[in-house]
Amino acid sequence: MIEEFKQWYDDRHSYAKEWKKNNLDGKVVGYFCTYVPEEILYAANCLPVRIIGGHEPPTLATPHMFDMWCPFSRDCLSQGLAGNYDYLDGIMIAQCCLHARQAFGAWQLQVPTPWSYYVCMPNAVTTSHAKKFLLGELAEFKKAVEAWVGKKITDADLDRGIDIMNTNRHLMKKVYESRKEDNPPLTGTEAMTLVWASQLMDKREHNVLVEELLRDLPNRELDREPGIRLMIVGSENDDRPFMELVESIGATFVIDDHCTGSRYFWDEIATTGDRLQAIADRYCDRVPCPTKDFQQETWERKRFPHILTLAKEYRVQGVILVQQKFCDPHECDIPSLKRYLEGNEIPCYVLEFEVTVPVGQFRIRIEAFIEQLRADELFD
Amino acid sequence: MAKYKTKGLDCWKRAKELRNRYYKDYKESPSRGGLRWEGGAWSFDAIPQALEGEVHGLSEEPYGASIAHNPELQVRYQEAAEGKWGCARDLCSYMRAYWGSVALNEYAYGGPWPHADFIFQNQICCCHSKWLQVADEIDGGTTPYFCFDVGVGPYDKIGDRQIEYVVAQLYDGIAFIERVTGRKIIEEKLIQNVYNTYRSNCYWAKTCELNQAIPAPLDEKTMFSLYVLGSLEKSNQAIADFYEKELYPEVKDRVANKIAAVADERCRVLGDSQPPWGFLRIYRYLEQYGIVSVANLYTFSLIGWMKVDEKGHLVPYPTLEEQGITIKDRDHALRLLVEGELKGKLMWAPFYGANYKNDLVTKIAKQWRCDAAIIHLNRGCEGTAQHQMQLKIALQEMGVPVMTFEGNMADEREFDEGRVLRLIELFVTETLGLKKVA
Amino acid sequence: MIVAGIDIGGKNVHVVILKDGALAAQGAAATGIQKAEAAERLYEETLRKAGLKRGEVGRVVATGSAGKRVAFADACIADAAADARGVHRLFPSARTVIDIGAEEGRAIKISPEGKVLDFAINEKCAAGTGTFVEAMAIALEISVEEMAAISLKSNTSIPMNAQCAVFGESEVVSLIHQNVEKQDIAKAVHDAIAGRIASVARIVGLEKDIAVIGGMAKNDGFIDSLRKEMAMDIIVPNDPDFVGALGAAEAAAKGVLEEKIAAKVVGQEIVEGEKTS
Amino acid sequence: MAEETKKEYWRWPEGTWVSPSIDWKKGTIITTGVDVGSVSSQAVVLVDGELYAFSNTRTGSDSPDSARKALSIAVGETGLTVDNSDYCIGTGYGRVNVPMAQRTITEIACHARGANFMYGPEVRTVMDMGGQDCKAINCDDKGKVLNFMMNDKCAAGTGRGMEVFADLIRVPVWEIGPRSFQVKKEPPMISSTCVVFAKSEVVGLLEKGVPENDIMAAYCAAMAHRIMELLNRLGVHEKFVITGGIAKNEGVVKRLEKELGVKTAEKVWHNPAYKAYPFDTQIAGALGAALFAVAMVSKGKVKSARKK
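Protein chains in written order, with my numbering: chain A, 292 to 671; chain B, 62 to 499; chain C, 26 to 302; chain D, 2 to 309.
Bound-form chain A, shown alone (with noise of 0.2 Å):
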């Protein structure tokens, strides 16, 4: 069950390829930040593939992208003038971090693509302000999409795109639901792997699979014990082998704050009054990525409650922060989150991430974190 997604995951590519081959009047569009509003994609027939690294030094990006740029998004620019998503028949970004919009303003210069649109993505998501602004940005990039495919967008097409979106949120929230149990029916990375699969792949599919496997939860238990309960909180994040070196050490995930997990299908759209406004309000409304995370008249943040909620909730023991070298918006939320959630008797652990693992020097990090969480097993 899980494996397919993992399928899905890995074989990424070959699948979009397959997708175009069975749907002639779709497109393919890349997608670089998850403030992209899928809805319209959907509802234009284009499948949404959001374009993430392979984990391999970004050799390729460095004359694009010199070293301070932040690992992934050289890594996402290297998947693309390796040519691995040259089936893409377009690509996009949503205003967000700079590193981001780097790696696709290099990919629109170097990496031949036929068509690409750039959402102006308001910064000020608290305000109504925005909702008004992003609503003229939708319409506009409504109608560019409409420009693109020759189709019209009818409001029976918003419909169906939103309740792609909403359906898959609504499960995806269900599926994480399960894992406030004392013994979650599924790892961090199994779960994880579910989010990282939908990004990639028609959602419709993806939401069938998804009904499969929540009716089998019930019945599905871990092979071993949970252990401590961990929550991991950072930007992107599908790193796998450290996902899997974490839950192999004594430890499971039980819930996130990722851009690659909760934090992407957290938010459903209100399926009530102007379509393109529901919209916008949802992607105004959504749990922030720290870029956006400001508000006027106070410094608070609204993620770091929101954090501790989800802490709460899913009884966490410890939070492991993982700061995506050079992610300057992360960075500069992290020093203060790990005050907020240790003032909250949360330990949390703050660990520095690149494309690759240094599995060695990360075990005993965690190893050693694990080990504090439980130590009264050494000295009562």
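Just so you know, these hints were derived from the structure itself, not from any lab.
The C-beta atom is built at its ideal place from N, Cα and C for all residues, glycine as well.
Accuracy of the hints is not assured; some may be wrong.
Claimed, not checked - Which bits of chain D does chain A cover? Going by a derived footprint, with three or more residues having C-beta under 8 Å, they are:
| hint | stretch |
| --- | --- |
| 1 | 103–116 |
| 2 | 138–149 |
Claimed, not checked - Okay, the calculated beta carbon distance ranges per label pair:
| hint | chain 1 | residue 1 | chain 2 | residue 2 | range |
| --- | --- | --- | --- | --- | --- |
| 3 | D | Lys186 | B | Gly171 | 26 to 34 Å |
| 4 | D | Lys276 | C | Glu65 | 57 to 65 Å |
| 5 | D | Lys259 | A | Asp671 | 36 to 44 Å |
| 6 | A | Pro403 | B | Gly373 | 21 to 29 Å |
| 7 | A | Leu400 | D | Arg171 | 49 to 57 Å |
With chain A fixed as given, assemble chains B, C and D onto it according to the hints.
For chains B, C and D alone, coordinates are given in the frame of chain A:
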């Protein structure tokens, strides 16, 4: 025998004096019943500076840069940010220096950290909104914070919708400032500040345009100390006057009389991003070869407003006087302010795509007649370092020899002077085939 | 006309003596601490090999990171400039030069005349240098030569992030603990370095022909990894570590007399290179 | 190119010790801790929780052998063998490759526990200077880890770095500390953080004829500074102690104390009965492991693995 005559700037002293007064005023403001606010070089100082009574701002980037000029402070502040606060070492180096200054409760211009009465910030790169969010947290988290968004798209895509979004936020900002300070924003002051903002930004752009002349009247090293005033308080009467009535006429006069920045100018180079502030002597080294750095998108448009005219040339953005506009009221003032910043601050364009950076900088290379480019791959500022490698390729394609070197504007631990000088020597002597001026 | 080129870097010094354009003798030695003395000693020794006396040498040009310390040299040129000249003499068709020495890896784009058009240097710490490989060889408890040989036997690839020499060491050690074959580890190390240096080379563009020089070029295990990484053919001269010195000798032959005078005036190190038109 | 010297200046003195006052055959619980680090390995044997024997030796490329070697050196001629040990815990870099171990615990937990035993319950911050890792640890009065931090990515300021340095200037590693103080005035620290680049920087200084002692001072200062940066991130609390090899290098320790404004605790056994015993900061890890073993066996958490 030198090729051209040279001469120091007469208005140099005045620039220095204005700069020192700014930091002094910020420190002393409360003792005179004045208010203090923190913001950035881009956060529309025309608005908070329109408050009734005395008010002074602290501009975060120039403050970070002035720390960078002092190696001892720089390292101590960086280490405080990384050690005491625990931030990553690869973050914006201005920001780390600033945080360290707060963490150590130390003002680079003497005395303890001067707490602000409120924060009025804008968001354009990943760090701006976070900068003072964290600084205030380090400082105890009691300063009222307001951050508005100007990331609405490149200069050539600015319409009513974009302007409306920013103006709407500014109205909220005014309400916020009035509420937290208990003082009013004075309409007359606001209108005057907007006139001044236009004058500062447009006359700096006009001054930069004069540098197309051969010999160049200004070298980049000098320009750094001149644009800084605009990055401190462009809405300030004295500063606007400085740009319009002192600097611009003097540079014009230098062009007319062929007064050069570098006596033996024979090679004009283009720069990119901020320099490593602790090592401006690099420019002196270049002068030995008759090389003068004459242009840099950053140096021009950090404050200078420019536009692309119908012929596709970069030209200064017109002042309100030139546009024949008289500001009617508060709303008119706000709209003009936003329009100028969104349409005129070309430095923001590269945030929206490498094609913008390439287009604007290759224009500069042509119009300012640059023979070569020396690009500082600035590990300290991802904003100005956007698309630098794409730019290298674009310039080489148009036949401009380019060298790059990695460094950091405000963290000397990331700058290896010996190695960089070796690279520059190689580039200058081998690729450009220049010899030292006898 | 007899000229000499001296390439003195962080670890080794190389001397090449040309007689009427032909190779008369060459020598190499470790610099040790007292670099200048080491250069002097090797220079004398190489002259003896060639049966020549100091007085007979028309010009001496030094290069390398310590080139300016060679007091008896008439001139000193940048190492990349020497590389370009040396390679141009050996392979006029070469347009890209990759030089990997003990402590630096660099790539140079050269014109058909052998002029330096563009260059890029490995900015990271010691990763991507010969020293890195030596450190790894020590960790594997085999010689660099053995390492080169056995790596060719491996056909598995293990991604390794060539960061810090010492951490590379610990990565190697943990691979040993996982009982990974030494030959596979050796290949992993070479692949890592090849990846690094190739990414540097891509900055100047991989234009044919590509010549690889410097001490690391003697390591055919590494060369094999590099070929695969770039998926292009590369030329390696017989004595890849002598090319810098050869280039310096070439420069000497071209004659640096007037720079010599010019430089004496400003009392600066001499800079050689024809004017660009 | 052949190096000019083959003499190994990095080689620090190895050591071993057996308690004169304990007859292990009379003991009821015998536990063993084996710490296989990237550079050095130690074994500690406890008899009923009392220090009985220990060794400190260099790690080879093969961890199991290093572990065996460490233990056999420790027990020496006492006739004690692995089979007599109730429980053995492996720790350190090669902990998974300690053949005689029943389980493993990280050196972070072990060093905190070991330091607590060696220096006493007042210890709050432990700085373990290992071969390639520096670990700053905060712990409570039981030696329980509260939080910790490790150096990232770059190995500057590690024991290995010091060895490379010793080899380079051809001065035995244990002489570097004392000699680093024989300078007219404290020189600026080595600026390079990378071990390899520090090397070329040092060569440059030697070449300029800078006195060796000054260079040692400059290197020790750089290392002290790196450690200080790590400690500042964690927060240092007294009683502050340093374990591991570098703890023996006064040149680094004194400078670190100066930078931190915090003194390190005196290197004497907390247990007065041990006053006469040698105090080796490198055994903290193995000792901690052996102590955990005692607790587990005596509390019946694990069953004895004793064969005879």
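Verdict for lysine 186 (chain D), glycine 171 (chain B) (Cβ pair) under range 26 to 34 Å: holds, 29 Å
Annotated coverage of the stretch 103–116 of chain D by chain A, confirmed only when three residues or more have a Cβ within 8 Å: Holds: 6 residues of the stretch 103–116 of chain D have a Cβ under 8 Å from chain A.
Verdict for proline 403 (chain A), glycine 373 (chain B) (Cβ pair) under range 21 to 29 Å: Given range 21 to 29 Å: holds, Cβ gap about 25 Å.
Range hint compliance [Cβ, leucine 400 (chain A) to arginine 171 (chain D), 49 to 57 Å]: holds, 54 Å
Hint check for aspartate 671 (chain A) and lysine 259 (chain D) - Cβ pair distance inside 36 to 44 Å: Holds - the Cβ-Cβ distance for lysine 259 (chain D) and aspartate 671 (chain A), about 39 Å, lies within 36 to 44 Å.
Hint check for glutamate 65 (chain C) and lysine 276 (chain D) - Cβ pair distance inside 57 to 65 Å: holds, 58 Å
Coverage criterion applied to the stretch 138–149 of chain D (partner chain A; beta-carbon cut 8 Å; 3 residues): holds (count 6)
Checked against the numbered hints listed earlier, the structure breaks none of them; every hint is satisfied.
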